[in-house]
Amino acid sequence: MSQATQDTAIRTGRVTRALIYVVLILFSLFYLLPLYVMLSNSVKPLEEITGGGMMNLPQVFTLEPWIKAWSSAQIGVEPTGLRPYFWNSIKMVVPAVIVSTILGALNGYVLTKWRFKYDTILFGLMLFACFIPFQIVLIPMARMLGLMGLAGTTWGLALVHVVYGIGFTTLYFRNYYAVFPTELIRAAQIDGAGFFQIFWRILLPSSGPIAVVSIIWQFTNIWNDFLFGASFADANSQPMTVALNNLVQSSTGVKEYNVHFAGAILAAMPTLLVYIVAGRYFVRGLMAGSVKG
Amino acid sequence: MAGSADADFKTRLQNWIPKLVLSPSLAMMMVFVYGFILFSVYLSFTDSRILPSFGWVGWENYDKLWRLSHWETSLINMGIFAGLYIVICTCIGLGLAIFLDQKIRGEGLLRPIYLYPMALSFIVTGTAWKWFLDPGIGLENVMHTWGWTSFEFDWIKNRDYAIYTVVLAAVWQTSGFVMAMFLAGLRGIDNEILRAAQMDGASNWNLYRRIIIPQLRPAFLSAFVILSHLAIKTFDLVIALTGGGPGRATELPATFMYSYTFTRNQMGIGAASATIMLMTIAAIMIPYLYAELREKR
Amino acid sequence: MGFLDIDNATKSYGAVEVLHKVDISVQEGEFLVLVGPSGCGKSTLLNMIAGLEEITSGEIRIKDQVMNGVHPSNRNIAMVFQSYALYPNMTVGQNITFGLEMHGVPKPERDKAMHEVATLLQIEQLLDRKPGQLSGGQRQRVAMGRALVREPDVFLFDEPLSNLDAKLRVDMRTEIKKLHQNLGTTIVYVTHDQIEAMTLSSRIAVMNGGYVQQLGTPQEIYDTPANIFVATFMGSPAMNVMPAKVAMLNGRPHAEVATHDGSMAQLPFSQDNLAAWDGRDILLGIRPETITDMDGADRKSSNIAQMTNRIVVTEPAGSDTFVSMQLGGRDVIARMRSDAEVAAGQDFDFAVNMEKAVAFDPESEMRIVP
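Going down the list, the sequences are from chains C, X and L. Positions in the first sequence are counted from 1; adding 29 to them yields the working numbering. Positions in the second sequence are counted from 1; adding 552 to them yields the working numbering. Positions in the third sequence are counted from 1; adding 26 to them yields the working numbering.
No wet-lab data here; the hints were simulated from the structure. Predicted model, so just to flag it, every value in this text is computed and none were measured. Yeah, the Cβ is synthetic: ideal placement off N, Cα and C, and Gly gets one too. Treat the hints with care, as some may be off.
[To be verified] 25 Å max Cα-Cα, derived DSS-like pairs, lysine-lysine:
| id | chain 1 | residue 1 | chain 2 | residue 2 |
| --- | --- | --- | --- | --- |
| 1 | X | Lys785 | X | Lys709 |
| 2 | L | Lys204 | L | Lys193 |
| 3 | X | Lys785 | X | Lys616 |
| 4 | X | Lys562 | C | Lys142 |
| 5 | L | Lys138 | L | Lys193 |
| 6 | X | Lys562 | L | Lys133 |
| 7 | L | Lys203 | L | Lys193 |
| 8 | X | Lys562 | C | Lys146 |
| 9 | L | Lys89 | L | Lys47 |
| 10 | L | Lys203 | L | Lys89 |
| 11 | L | Lys138 | L | Lys156 |
| 12 | L | Lys133 | L | Lys156 |
| 13 | C | Lys142 | X | Lys571 |
| 14 | L | Lys156 | C | Lys142 |
| 15 | L | Lys138 | L | Lys204 |
| 16 | X | Lys571 | C | Lys146 |
| 17 | L | Lys326 | X | Lys562 |
| 18 | C | Lys97 | C | Lys284 |
| 19 | C | Lys97 | C | Lys120 |
| 20 | X | Lys709 | C | Lys284 |
[What the hints assert, rightly or not] Derived CB-CB ranges, DEER-like:
| id | chain 1 | residue 1 | chain 2 | residue 2 | range |
| --- | --- | --- | --- | --- | --- |
| 21 | X | Ile745 | L | Asp49 | 47 to 53 Å |
| 22 | C | Arg172 | X | Asp742 | 51 to 57 Å |
| 23 | X | Ser575 | C | Met177 | 16 to 22 Å |
| 24 | X | Glu744 | L | Gly130 | 53 to 59 Å |
| 25 | C | Val208 | X | Ile632 | 25 to 31 Å |
| 26 | X | Gly631 | C | Thr79 | 33 to 39 Å |
| 27 | C | Gly308 | X | Leu773 | 23 to 29 Å |
| 28 | X | Glu744 | L | Ser296 | 52 to 58 Å |
| 29 | C | Arg172 | X | Gly799 | 31 to 37 Å |
| 30 | X | Gly607 | C | Leu176 | 19 to 25 Å |
The shape of chain C in the complex, shown without the other chains (with noise of 0.2 Å):
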């Protein structure tokens, strides 16, 4: 998918082509439709947009709603932006990413160049994990976290994550070292490096571009999580998501849509960053195991 165009055998007559760059490029925008909304709308005065000029260019170009959204705007009874809570999702994922990926890269390492019986369905197990509606684990692990002492904290968040993040990670790892020779493991065994030494120095030197998709892909989706927010944090501890949700559903008073629309981009703002910088990197991670070949 990185090459710009390809080579097909087949063959469009002109109209058939002008039909096709017409349908991509309605469909085009049609996806960047929102975008165009949420970026117009949170630089406009919030009466440019009652005023029925929610698709218009701004007329009058305004930051406020951003520096509110950011700092003031009320977020359930605090008026405090969502400063914080983009520092409380900075606290929850960057553990996360970084003990999943880490642990995803062992287990694949274990998994391919260390086999023993029933380790495919150890990695099956795994993988199923992955697929769970969370809706079955929130009762058993809201009580853990009350157990552990984590209950509402921004470290009960990140274990969470990590758990249910493994499988993934497992994944990606495990389908790169597949392909990675094993004679080089052996090769080394020979010269007498051992299961740490030869992850060390032959493996994890050469796993860049896996650990990257396995990062990027983590972030995001960690970022962007909800319902683990909506389940475990309390007031305090509550991910920027969560917050974002608390800022828009709140019903008293006026709508300032503009610092809604403010508050989502700055919310979106980390994982689009990411993706619009490795985008190649975020859809070989999408790729990874959904396509058969």
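Please build the complex by placing chains X and L on the supplied structure of chain C, with the hints as guidance.
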């Protein structure tokens, strides 16, 4: 690696270390996934209300569940939503992929545009569409202001049509991903087969219908599995877009479970609904995973 | 006791036995080649010697020490892999010394050993490059350097030439042979290419289906194959094997073989004990190069038989001309001199060197031993 009784120390150590390294993850799986699943399923057979309780009540929760109109509504909504979501995403995804596969200039620009919604949280998506579809300030209002005063688009506030707004937002988010899957599948098709078919006189239409699309069967399967599993898990989007409303018009099993467990203090029933969600996903995922893993060995 | 003893080695995966009681004793300085088709067990045996695969029963001993269960890095062996297995993120120099590093050899000694080996293999100028920047032949030399620098007791080669193109393969083959001559190391070499087996080895173990079909010098394997499998596997083009009947003529056992029109050719055997097979069916084995024209026949042979047969196809190959004919109902190939006057459809007088002919029992497929 040698592991017989007379193996030397280094060999024995090297045999144990991999299993040791894997065990934390396995332990976590066993406890936090499968242990918890068993716990929740067990709870569905108890009289739990606000907190877990262990009084056995047999199938009582399930009886109550199936007699609740809220549950019935959520299932009907799920049927409509999942059906439309899967079909429309597949059609759009396939169509866009086929078009993009025609040596299009600017493909490098179009593809990321189709895919970027996947990078967004469902909450962000819900928020954006929520106000865009709101008749008060969104599309309907804009049309009125532009002069088209008879334009009506209040689906999101309409009990009968609200579910379709959820479909719209969900399709917007995921169809790019389906397109990427089909595109990868299309690019994996051997060009020589196409040339042979063209020499046999196949028109483009026949080429696609009889040769290319059948070869995309793995992609169709993967798309179906992933989309159906996403559909069943849909929660964030509904919360952000409609909150489950108006009334219960966009209630789905996931939102049902959450409200009954945490808001209405009916944990037993909530656990029962979660169990049913799990069974449905398992029915789709387990055969698929089994088939995939058997080959991967 | 040999330098390397493979003593009744057996390998099973669960209930499936893939190597059956392999028994080979390798002397110091020998070049043993394990040859056979894919799946015959040669790589499995090599991995067992290396310690990369567990031995199910039997023993492997190096210098009289039992190696069962000993970690590969403690066996004092070195291995060259089919894909060379050079560590992609390290330089050539680091690749060569990695094993020494793992064994705790201090840096000055490592560098000294590295330079010695690099000089020997003429790869000094490559020491700072990465494997991805090397050609196939250069990679092979680095892989060999990595093995040499360990000064192991036994060198193991796992099809090291399979990934090279034909010309390079011939060049590297000669290099390996020269290395063995200069260093006198003990080598176990796995290949599926019978030419490599013949040219490199001091002894060959022909394997099939997990059994050693025959163990012997190249000459023994070629001239006196133990069974039909060995006979047809070694040699290119393969030995011709055809049904024949033993008949006594003038007190001497002959092979009666049908020619193209059903008339029988009578070919006298040099092997006298075939008289006991009078009247019985056998399988006759004749190598292509032993069927020539009368002028080209081996003058040192005491048993050249004449046979007239019809030529079906001629294949001029530059250095030889291959001629095919019908014998015993089978397609039989003769390797003639390139300037032999042959044409398709022609009835030709062939000379068959029956001194080199072998006879097989059709039921057991074993050679009938004189």
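Which earlier hints turn out false for this structure, listed by number in ascending order? The structure conflicts with hints 5, 17 and 25, although it agrees with all the remaining ones.
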